[in-house]
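*Asks:* Kindly generate the complete structure, drawing on both the sequences and the hints.
Protein sequences, first through last, are from chains F and B.
1 is the number of the first residue of the first sequence in UniProt numbering; add one for each residue after it.
1 is the number of the first residue of the second sequence in UniProt numbering; add one for each residue after it.
Heads up, some of the hints might be wrong.
List of simulated lysine-lysine pairs, DSSO-like, C-alpha gap at most 30 Å [stated by the list, open to error]:
{"no.": "1", "chain 1": "B", "residue 1": "K107", "chain 2": "B", "residue 2": "K77"}
{"no.": "2", "chain 1": "B", "residue 1": "K77", "chain 2": "B", "residue 2": "K133"}
{"no.": "3", "chain 1": "B", "residue 1": "K77", "chain 2": "B", "residue 2": "K20"}
{"no.": "4", "chain 1": "F", "residue 1": "K334", "chain 2": "B", "residue 2": "K133"}
{"no.": "5", "chain 1": "B", "residue 1": "K214", "chain 2": "B", "residue 2": "K183"}
{"no.": "6", "chain 1": "B", "residue 1": "K133", "chain 2": "F", "residue 2": "K9"}
{"no.": "7", "chain 1": "F", "residue 1": "K154", "chain 2": "B", "residue 2": "K69"}
{"no.": "8", "chain 1": "B", "residue 1": "K183", "chain 2": "B", "residue 2": "K77"}
{"no.": "9", "chain 1": "B", "residue 1": "K107", "chain 2": "F", "residue 2": "K9"}
{"no.": "10", "chain 1": "F", "residue 1": "K9", "chain 2": "B", "residue 2": "K115"}
{"no.": "11", "chain 1": "B", "residue 1": "K73", "chain 2": "F", "residue 2": "K154"}
Sample of chain B residues lacking proximity to chain F, with all beta carbon distances greater than 12 Å (derived) [as the list claims (entries may be wrong)]:
{"no.": "12", "residue": "R3"}
{"no.": "13", "residue": "V25"}
{"no.": "14", "residue": "S37"}
{"no.": "15", "residue": "Q144"}
{"no.": "16", "residue": "D199"}
{"no.": "17", "residue": "Q202"}
{"no.": "18", "residue": "G222"}
{"no.": "19", "residue": "D231"}
Sample of chain F residues lacking proximity to chain B, with all beta carbon distances greater than 12 Å (derived) [stated by the list, open to error]:
{"no.": "20", "residue": "L22"}
{"no.": "21", "residue": "G32"}
{"no.": "22", "residue": "F51"}
{"no.": "23", "residue": "A130"}
{"no.": "24", "residue": "S167"}
{"no.": "25", "residue": "M170"}
{"no.": "26", "residue": "A177"}
{"no.": "27", "residue": "S186"}
{"no.": "28", "residue": "V308"}
{"no.": "29", "residue": "A321"}
{"no.": "30", "residue": "F328"}
{"no.": "31", "residue": "Y330"}
Derived by calculation from the structure, the hints in this document are not laboratory data.
For glycine and all other residues, C-beta sits at the position ideal for the given N, C-alpha and C.
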Amino acid sequence: MIHPAVIRKYRIAVGLLIALILVTVVAGMGMGYSKLSYGRLIPTLLGHGTFKEEFVLYSVRLPRIVITLLSGMALAVSGSILQGITRNDLADPGIVGINSGAGVAIAVFFLFLPLDPGTFVYLLPAVAFAGAFVTAGLIYAFSASRHSGLQPVKLVLTGVGFSMALSGVMIVLISSAERSKVDFISRWLAGNIWGTDWPFIWAIVPWLAILIPFTLYKANRLNLLGLSEPTAVGVGVAIRSERIVLLVVAVALAAAAVSVTGGIAFIGLMAPHIAKAIVGPRHQLSVPVALLIGGWFLLLADTIGRQVVDPDGIPAGVMVALIGAPYFMYLLLKRS
Amino acid sequence: MVRLYTEDLNIGYGDRSIVKDLSVVIPDRQVTAIIGSNGCGKSTLLKAVTRIIPHQSGAIMLDGMSIAKENTKLLAKKMAILPQTPESASGLTVGELVSYGRYPYQKGMGRLTPKDIEVIDWALEATGTIAFKHRSVDALSGGQRQRVWIAMALAQETEIIFLDEPTTYLDMAHQLEVLELLKKLNTEQGRTIVMVLHDLNQAARFADYIIALKDGEIVKAGTNEEVIRRDVLKQVFNIDAEIGRDPRTDKPMCITYNLIKGESVEHEKGHSAADLGATRTERMQQQQQQSAG
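*Replies:* Structure follows, in structure tokens:
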């Protein structure tokens, strides 16, 4: 029932995006503070590099590239799910309090627990993840009723309310804190990819490896949840339980991403949206395309951001927002 | 054989009771129309029977099982619903939308099997929409779109099809087209059709069985000869109707009618004019909340 032209578009989009990702990965491997010329990339990859070259490639650049790519993908899939179950094109992981919840948890943890900075770096993702989950759980509790289950419109409104309230909490928290600590937290909030080490990658890979295929498996339910409720019920979708399961998946994916990248908005909004514009609203096609767009986009933002200002660069979250905010405005204008 | 019936069914929102102790049998392999004035509970009844909203007490039985306990996907193989004015199909093509009707038969990722494609094509053919297969649903006219939604319900291959005011927003020719399609599905394939209709004469012409509701209770359920009668219509709609015969189909029809004058009716009218707007909005909000689950 799918027009061959749509399938062709899908194949072209997937091919093109994979090519773009590869180009960006290769470009990113050769860019950065330490010099690693493109001519030395292949020998280094084959194990013939100097110690310094290998260190730069394997311990600095590659982890960052991998984590950025994976996080972008997770955010895009999370956004696809949230836009599907809320039937709202403007939904993104931020609306279920992922960013603000993780941010507050990081701030509280960082400011009030006197721990040795060396070891607790590895605890931060867990803290952010927990913060995101608790917030999403609270938002869910406030927007679902025992009688009729999860209500999409209420979910969006409660989520926005929570985000604002938690931002207020953040300001109160950091206004009384020491300067050095505030620096870290504000960089985290700006979406500065910081979990750039292999342990962080191993920590988020399992989530993605399970939840992304699971989302694709649920693609036909997502399609139906996007229609009116009577229609979805009529063809036999158990909307109550499907919504909850998908919401949990979306929160877990976004929380995994945010826990290592800091607060990054707009990827979850834009990637699904562009994907739907290319291959149409069926999630079997739009989710894979969104995933590639999200991964590539965050990688590109970070690769550029790293280069523009020495020595630390512009946080990826800021770069994404620079492109994302105008896109958001465009969406709003188009809708009205 | 009776497959579908309700027993002492109560439906309401909060403390507001909409349908009260309703027991009715839906005749198998016939066209049933539910009629009644605005706010009488006819749509609510349809929604409860199709499990879109929950009922408070009583039972809705299909094939000897309470639908509240039955697996929802299994039910979707037995009954399909065309909700009132389904909203936009968000950029889907006709073929894609109709393919969604195959959901109850799908496993895993929802890849379409050759059998699925055969059924979808048949549904498009039967509703005369195969020519639009690759067009966007949003680009179709009201009548075409309604037929596409019917095709989606047909793709479910159910023996029972429910429709909530399937002719609303259509012009006269398209109304007839939709009703004739439904009648054809009934006579040629023996499907049970249950629909809420606003137009009395359409109900009289196309239905074998009519259920007339007032304030959530059955005034009369029976053949069109039994229901389209002066005394029944007086009770259901507060109208004084002149009943004749359709010269072409020989079915009973309401030729003309007047509102019944009198104190009690004036009171009724005042009540409905002032109250109905508010209660309808309120009810719609509650319905949204209800069906959100």
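*Asks:* Compare the structure with each hint and give your call.
*Replies:* Verification of the supplied hints:
no.	hint	verdict
1	K107(B) x K77(B)	14 Å, holds
2	K77(B) x K133(B)	23 Å, holds
3	K77(B) x K20(B)	29 Å, holds
4	K334(F) x K133(B)	28 Å, holds
5	K214(B) x K183(B)	26 Å, holds
6	K133(B) x K9(F)	18 Å, holds
7	K154(F) x K69(B)	28 Å, holds
8	K183(B) x K77(B)	21 Å, holds
9	K107(B) x K9(F)	26 Å, holds
10	K9(F) x K115(B)	26 Å, holds
11	K73(B) x K154(F)	27 Å, holds
12	R3	18 Å, holds
13	V25	22 Å, holds
14	S37	22 Å, holds
15	Q144	17 Å, holds
16	D199	22 Å, holds
17	Q202	22 Å, holds
18	G222	28 Å, holds
19	D231	35 Å, holds
20	L22	27 Å, holds
21	G32	41 Å, holds
22	F51	47 Å, holds
23	A130	28 Å, holds
24	S167	28 Å, holds
25	M170	31 Å, holds
26	A177	41 Å, holds
27	S186	38 Å, holds
28	V308	37 Å, holds
29	A321	27 Å, holds
30	F328	20 Å, holds
31	Y330	18 Å, holds
The structure is consistent with each of the numbered hints, conforming to all of them.
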